[in-house]
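Asker: Residue numbers (the UniProt record's numbering), protein chains in the order written: chain L, 1 to 212; chain W, 1 to 212; chain Y, 1 to 212.
Treat the hints with caution; some may be incorrect.
Heads up, the list lumps identical chains together, so a pair's fine if it works in one copy or across two of them.
[Stated by the list, open to error] With a straight-line Cα cutoff of 27 angstroms, these simulated DSS-like cross-link-like pairs (lysine-lysine) come out:
id: 1; residue 1: Lys-148; residue 2: Lys-199
id: 2; residue 1: Lys-199; residue 2: Lys-87
id: 3; residue 1: Lys-87; residue 2: Lys-148
It is worth saying that the hints were derived from the structure and are not from the lab. These numbers were taken from a predicted model, which means no experiment stands behind them.
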Amino acid sequence: MVLTPLILDLIGVFFFAVSGSLLAARRGFDIVGSLLLGSLTGLGGGVLRDLILGVTPNAFAHPVYFLPPLLAVIAVYLFAPSVDSYKGTLLVFDAGGLALFCIVGTLKALDLGMPPVAAILLGMTTALGGGLMRDVVANQVPTLFDPKDIYAIPALLGAGLTALFWQLGFVNGWFQLGVATVVFTLRVLAMRFSWHVPKAVGPWHGNWAPRL
Amino acid sequence: MVLTPLILDLIGVFFFAVSGSLLAARRGFDIVGSLLLGSLTGLGGGVLRDLILGVTPNAFAHPVYFLPPLLAVIAVYLFAPSVDSYKGTLLVFDAGGLALFCIVGTLKALDLGMPPVAAILLGMTTALGGGLMRDVVANQVPTLFDPKDIYAIPALLGAGLTALFWQLGFVNGWFQLGVATVVFTLRVLAMRFSWHVPKAVGPWHGNWAPRL
Amino acid sequence: MVLTPLILDLIGVFFFAVSGSLLAARRGFDIVGSLLLGSLTGLGGGVLRDLILGVTPNAFAHPVYFLPPLLAVIAVYLFAPSVDSYKGTLLVFDAGGLALFCIVGTLKALDLGMPPVAAILLGMTTALGGGLMRDVVANQVPTLFDPKDIYAIPALLGAGLTALFWQLGFVNGWFQLGVATVVFTLRVLAMRFSWHVPKAVGPWHGNWAPRL
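Looking at chain L on its own, in the form it has when it is part of the complex (with noise of 0.2 angstroms):
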């Protein structure tokens, strides 16, 4: 197979579908809500990137883009884990979708002449978009704020290597498939090892326990 960045693109799309028909799922939506918070999760990200890199929206350029969404309704219909376990699987699913997007999300804006840095945000921003706009849609406090693990920096070493390795002339489908590997598997053991970061403020302000 042939991994071009549509074919990774899709995949990702995919990924994160699941996750939003997943939650969608959870919150006792339809299947026409499945597939409109799956369509969202799966294409928002991507949506905003096209939106600030000045271009037609990939998702409205090519509506081959609702193509996963659709099936990610259909595999959450016909196969949804039970409602106990479905947390981790939405998890997996969105870490995968993290992965693919950090890297594909940086060689687009690098493609269009965006100078590196800009590129990782960009690539950034792809990748914490569209799970963003799930949580915020569904009307809960977003997965990517849970200070229990770490959820950006994954997202921000794979923008980084790909930006790194792109300016080296050394990118290719196998390449990306290697960096998104890290990155997954880099979200996926802080989610096992609870990995994380100091909190917002410094332990010496007394209590800042967090009022949800």
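Position chains W and Y relative to chain L; hints supplied.
Answerer: Okay, now just chains W and Y, sitting in the frame of chain L:
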């Protein structure tokens, strides 16, 4: 009265703006909050559509678009229903905006040269965007996702009919009014008789009672 | 010090970013979440304005815009107030951002050739957008809609004065500082003395006690 696209669009803005101002009233916001939430609801979907199309959003290119939200604020201030029956009123006005925007949004995309499938998606974006923003900003689960009836399907029908008849060269003001009536009626009947579609997970998956 | 638009803009970003990082702290987010919420708050309004204007958003064209959010994260980590008094600090910094952004946003729109009314609307979008995104993402009813005081009116005043004096050819750094001081003072006094405007429904409509 000549039913120009501009007039239908402004009426759609007014309908959605009333829904936003009614929700503002329910949340105890003041008249400025009513204007802001009404404007976001009435103009948000069109702004998003225009950003995707790469044109200056109507609301900023032609500030006359802020007139319907202003009228909506005054109408809600003077003639609000009782707090017990506000929700039905809100949903009927929301249905009116939905019915007009799925047509207006699809037509604008077609006029700017988008292919029919993309135009339908943009019509949906226009119709669903404002109400989604209204509910997200007011911190509640979007009406769009309420599984007790159907919301996106009437909009899809309206956008699809518009794209079909546009290709046949058969779209004028009266045609638009006819399609809008069909969409509005379908949405209102769906609310009245709780027409709905299956849940996001198949019934053999055990208890997926919604967590709200 | 020369008060260039860039410097005033960056100071506005810093003020809003501090408000975002303080809210992140209150929600128990970590330092990465603090950076993300601070960046969204500080940069979101300007990105939205630039997308509407059809230009590459500042934050991505000039990554120096991510420096103020970084400084805000450090400042909040080191010098956060006590958890009991964080909200006043948050709102004062938010008022500082509001005061600068309503001017900077209006001027940018005018410089790009938008007519005065559209420029005022874009100044409002810049001033209100970041704080709205902050509150939506952190899953709370936006400060903007708090009916206990006024928020959008000072921003409208600042945007209006800027557009008026720009047409008279009388806008420089010191003028901007003067208008910002007026806007900031009005907002802070409104908080202090609970200046407010009427509710969204007239008082003769019976009990519309807010449902939050």
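Asker: Now look at each hint and say whether the structure bears it out.
Answerer: Verification of the supplied hints:
1. When the C-alpha separation of Lys-148 and Lys-199 is checked against a cutoff of 27 angstroms, the pair qualifies only within one copy, where the shortest distance is 10 angstroms, while the shortest distance between copies is 32 angstroms.
2. In this assembly of identical chains, Lys-199 and Lys-87 lie within 27 angstroms of each other by CA distance both inside one copy and across copies; the values are 24 angstroms within and 18 angstroms between.
3. When the C-alpha separation of Lys-87 and Lys-148 is checked against a cutoff of 27 angstroms, the pair qualifies both within a copy, at 15 angstroms, and between copies, at 24 angstroms.
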